[in-house]
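Top to bottom, those sequences are chains A and B.
Here the first sequence stands for residues 1 to 417, where the numbers follow this note's numbering.
Here the second sequence stands for residues 1 to 417, where the numbers follow this note's numbering.
Just so you know, the hints here were simulated from the structure itself, not pulled from any lab data.
A portion of the hints provided could be inaccurate.
[Stated by the list, open to error] Simulated coverage check for chain B against chain A, where a stretch passes if three residues somewhere in it have a Cβ under 8 Å from a Cβ of chain A:
#, stretch
1, 75–86
2, 187–194
3, 216–227
4, 231–241
5, 347–359
6, 378–384
Here a beta-carbon is modelled for each residue, glycine too, at the ideal position from N, C-alpha and C.
There are 2 protein chains.
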Amino acid sequence: MDQLKISRKRLLETIAVSAAIGATANGGLHRLALTEEDRKMREQFITWLKEANLEVRIDDFGNIYGRREGRNADGPAIALGSHLDTQPCGGKYDGVLGVLAALEVVRVLNDNQIETELPIEIINFTNEEGARFTPPMLASGGLANEFTKDYIYSRKDENGITFKEALENIGFLGEEKNRIRHVKHFIELHIEQGPILEKENKTIGIVKGIQGNNWVTVKVIGQTNHAGPTPMEHRKDALVPAAKMIIKINELTKEIDGLKTTVGKVYVKPNVTNVIPGEVEFSVDIRHEDNELRMYALERMKEQLSTIALLHDVEMDMTTDWHSDTVEFSPAVIQSIKNAADKLNYSSMELFSGPGHDAKYMASIAETGMIFIPSINGISHNEEELSLDSDIEKGANVLLQVVLDLAKALSKKQIGA
Amino acid sequence: MDQLKISRKRLLETIAVSAAIGATANGGLHRLALTEEDRKMREQFITWLKEANLEVRIDDFGNIYGRREGRNADGPAIALGSHLDTQPCGGKYDGVLGVLAALEVVRVLNDNQIETELPIEIINFTNEEGARFTPPMLASGGLANEFTKDYIYSRKDENGITFKEALENIGFLGEEKNRIRHVKHFIELHIEQGPILEKENKTIGIVKGIQGNNWVTVKVIGQTNHAGPTPMEHRKDALVPAAKMIIKINELTKEIDGLKTTVGKVYVKPNVTNVIPGEVEFSVDIRHEDNELRMYALERMKEQLSTIALLHDVEMDMTTDWHSDTVEFSPAVIQSIKNAADKLNYSSMELFSGPGHDAKYMASIAETGMIFIPSINGISHNEEELSLDSDIEKGANVLLQVVLDLAKALSKKQIGA
Numbered sequence: 001m002d003q004l005k006i007s008r009k010r011l012l013e014t015i016a017v018s019a020a021i022g023a024t025a026n027g028g029l030h031r032l033a034l035t036e037e038d039r040k041m042r043e044q045f046i047t048w049l050k051e052a053n054l055e056v057r058i059d060d061f062g063n064i065y066g067r068r069e070g071r072n073a074d075g076p077a078i079a080l081g082s083h084l085d086t087q088p089c090g091g092k093y094d095g096v097l098g099v100l101a102a103l104e105v106v107r108v109l110n111d112n113q114i115e116t117e118l119p120i121e122i123i124n125f126t127n128e129e130g131a132r133f134t135p136p137m138l139a140s141g142g143l144a145n146e147f148t149k150d151y152i153y154s155r156k157d158e159n160g161i162t163f164k165e166a167l168e169n170i171g172f173l174g175e176e177k178n179r180i181r182h183v184k185h186f187i188e189l190h191i192e193q194g195p196i197l198e199k200e201n202k203t204i205g206i207v208k209g210i211q212g213n214n215w216v217t218v219k220v221i222g223q224t225n226h227a228g229p230t231p232m233e234h235r236k237d238a239l240v241p242a243a244k245m246i247i248k249i250n251e252l253t254k255e256i257d258g259l260k261t262t263v264g265k266v267y268v269k270p271n272v273t274n275v276i277p278g279e280v281e282f283s284v285d286i287r288h289e290d291n292e293l294r295m296y297a298l299e300r301m302k303e304q305l306s307t308i309a310l311l312h313d314v315e316m317d318m319t320t321d322w323h324s325d326t327v328e329f330s331p332a333v334i335q336s337i338k339n340a341a342d343k344l345n346y347s348s349m350e351l352f353s354g355p356g357h358d359a360k361y362m363a364s365i366a367e368t369g370m371i372f373i374p375s376i377n378g379i380s381h382n383e384e385e386l387s388l389d390s391d392i393e394k395g396a397n398v399l400l401q402v403v404l405d406l407a408k409a410l411s412k413k414q415i416g417a
Numbered sequence: 001m002d003q004l005k006i007s008r009k010r011l012l013e014t015i016a017v018s019a020a021i022g023a024t025a026n027g028g029l030h031r032l033a034l035t036e037e038d039r040k041m042r043e044q045f046i047t048w049l050k051e052a053n054l055e056v057r058i059d060d061f062g063n064i065y066g067r068r069e070g071r072n073a074d075g076p077a078i079a080l081g082s083h084l085d086t087q088p089c090g091g092k093y094d095g096v097l098g099v100l101a102a103l104e105v106v107r108v109l110n111d112n113q114i115e116t117e118l119p120i121e122i123i124n125f126t127n128e129e130g131a132r133f134t135p136p137m138l139a140s141g142g143l144a145n146e147f148t149k150d151y152i153y154s155r156k157d158e159n160g161i162t163f164k165e166a167l168e169n170i171g172f173l174g175e176e177k178n179r180i181r182h183v184k185h186f187i188e189l190h191i192e193q194g195p196i197l198e199k200e201n202k203t204i205g206i207v208k209g210i211q212g213n214n215w216v217t218v219k220v221i222g223q224t225n226h227a228g229p230t231p232m233e234h235r236k237d238a239l240v241p242a243a244k245m246i247i248k249i250n251e252l253t254k255e256i257d258g259l260k261t262t263v264g265k266v267y268v269k270p271n272v273t274n275v276i277p278g279e280v281e282f283s284v285d286i287r288h289e290d291n292e293l294r295m296y297a298l299e300r301m302k303e304q305l306s307t308i309a310l311l312h313d314v315e316m317d318m319t320t321d322w323h324s325d326t327v328e329f330s331p332a333v334i335q336s337i338k339n340a341a342d343k344l345n346y347s348s349m350e351l352f353s354g355p356g357h358d359a360k361y362m363a364s365i366a367e368t369g370m371i372f373i374p375s376i377n378g379i380s381h382n383e384e385e386l387s388l389d390s391d392i393e394k395g396a397n398v399l400l401q402v403v404l405d406l407a408k409a410l411s412k413k414q415i416g417a
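All chains, please: the whole structure from these sequences, using the hints.
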């Protein structure tokens, strides 16, 4: 079935319908989890699932499933999917591609009346982005028992609305019995969100796993004072040592090969032009695919930051908000993706994913893998996010081949056609 | 009249009445300009002015005057005062001291039936703090024609209420003809709001003038990107160069003696833990009593910041939001304050004011001076703001002596007593 291909036109049209639900003026998407926009998208998605004759289920986290039965109805499912929610002013492809390409794969199977040995389930996961309810990947994390149901339900958005209330508000609070349970493989097609494939001039990224990372909050406490009268030598400005820490954290990546550090969030108090900052709080995101090196980097950072705090006579407090070890994907799925790319004659390379994905948690309940396609200029979580139509087509074709392989498509002969 | 002294008890009781109008749970004051709290304070103040037989006027900026006639009714007035509004969760003394000590001085003159050659006017200026309506010192600036009436009236608070509407709402929109016009001297007693007097162990600060300053906004533009997948060498993180700039701005004070620089306000965009900052905006407050050195510092800073931007391949934009040159106070008033402190045997020193005060603008229409008393730990614009009762008493005694001198108090013989 090497010649079987997805319909580029149909897939792009389907993506275009999604791109209109929560569209921003600058060509991006603003569709936060469980908002009115998300509800509209979910309704549209369910319509498509039903049109494809899939059996629709909604679980207690609002995850949507569309099941296509296999010849072996009791066999474990092959699951594929991603998420339809976006970052604030995010892009059209992040998450959306993986869900709608999965739909396209099923449409192709239907068009060609292809039966598979194992059932296929398409999944749209709730709140992958973590933009409305932190942490990210809340609902796939729920399936993996990474988070308890109580924890998930009690997460609040910035207006104090809980995850559970938001699910009820848009009518997507389903039942626990609808969760996916018996699943052999999970495959997620996604844009890379980084520049590596483009730089290396490769079309298909065969994802080896997801880099572990730590999220740390650093608080520096000095003393607030009026900028006018306070002599420089009398100040306990929290911002000056914080700035030195930010630079040190950046320079740590030169010490440890493959380490990535990001200070993304900074709060200054009281944040007034003529007042010396009394407190600065900032976030640190540390990533390395080697868990030991990442923990070593964290220790090094702690030492270096403590020294800066000491020299500036300010207090410093470091807390780890979240951490996750590196997840390595299934060798069987990695091999299947590699075979598909080779068969289709698409250039490919192996790489680690920097960002987390639903696949990260699914890896604890299924043999999991991911397929990446290039992101132009590596830009993502941004309205300028872009992937080429030709790469979208190729990514979906690889997904199709992997599904045919892992779900064990039956030949016409086998099904007696 | 060397032996004439203010009543410490009466002054402290008067300050205590003020401290109850807009009191915060932590012992501070929250009395923003032209709010209900400010209205209550103004009504109380007017009651006191009338009890002291002063003629009350309210001008078109809501400034309140209490006039005590001099023997020479056509002579220029000696004005004294400050402001009764506070910062959000500010202190009990900032501004309040200067107004209520002026009232105490007049009470002492009344008690002792002292006539002066020149009329005396107590002033409470509207919106000195600039906390509700920016910029600060709006109403004294109006008297000095630093701001036009249209500009002042159209300033809006964060709820969109204009200065003029706020004046009308609390019933304090007076008449232009009531502005102070014929004024020889202006004297403002104020807490230092800095640590210098305490550190030098002096009671009375003889203020030489107000340090000039510039408020500059620096914007650093890099590129937003996802922290996970973007390799360090591919990033255009705006925060790393911004941190280097903040350190450079701090170090500039080691190059130029007497220079003070403060980065008080920082905004990071999009300010998300796992997103590389695409834009950082921060404020710079630069102060030096020498105008030329301050402008030189500004140029040096621009050079240094441009170099950092260039090395990091980010854009940088620097705009001056506001600037004001150093104001030097009247030698006659400075001498009078010095004589008073000496006569009373209070330790004193000359110093410049870092923060601006209404005296800054009054200096353009009157020969002006200021008296400082120590602020414990130099803390101000804060509920912990504190000055000792004994220093309050001494500051008011100096003010009394200066008024007796400049308003030309008549001896009992002169007035035929």
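Outcome of the hint check:
no.	hint	verdict
1	75–86	violated (count 0)
2	187–194	holds (count 3)
3	216–227	holds (count 5)
4	231–241	holds (count 6)
5	347–359	holds (count 4)
6	378–384	holds (count 5)
The structure fails hint 1 only (numbered hints given earlier).
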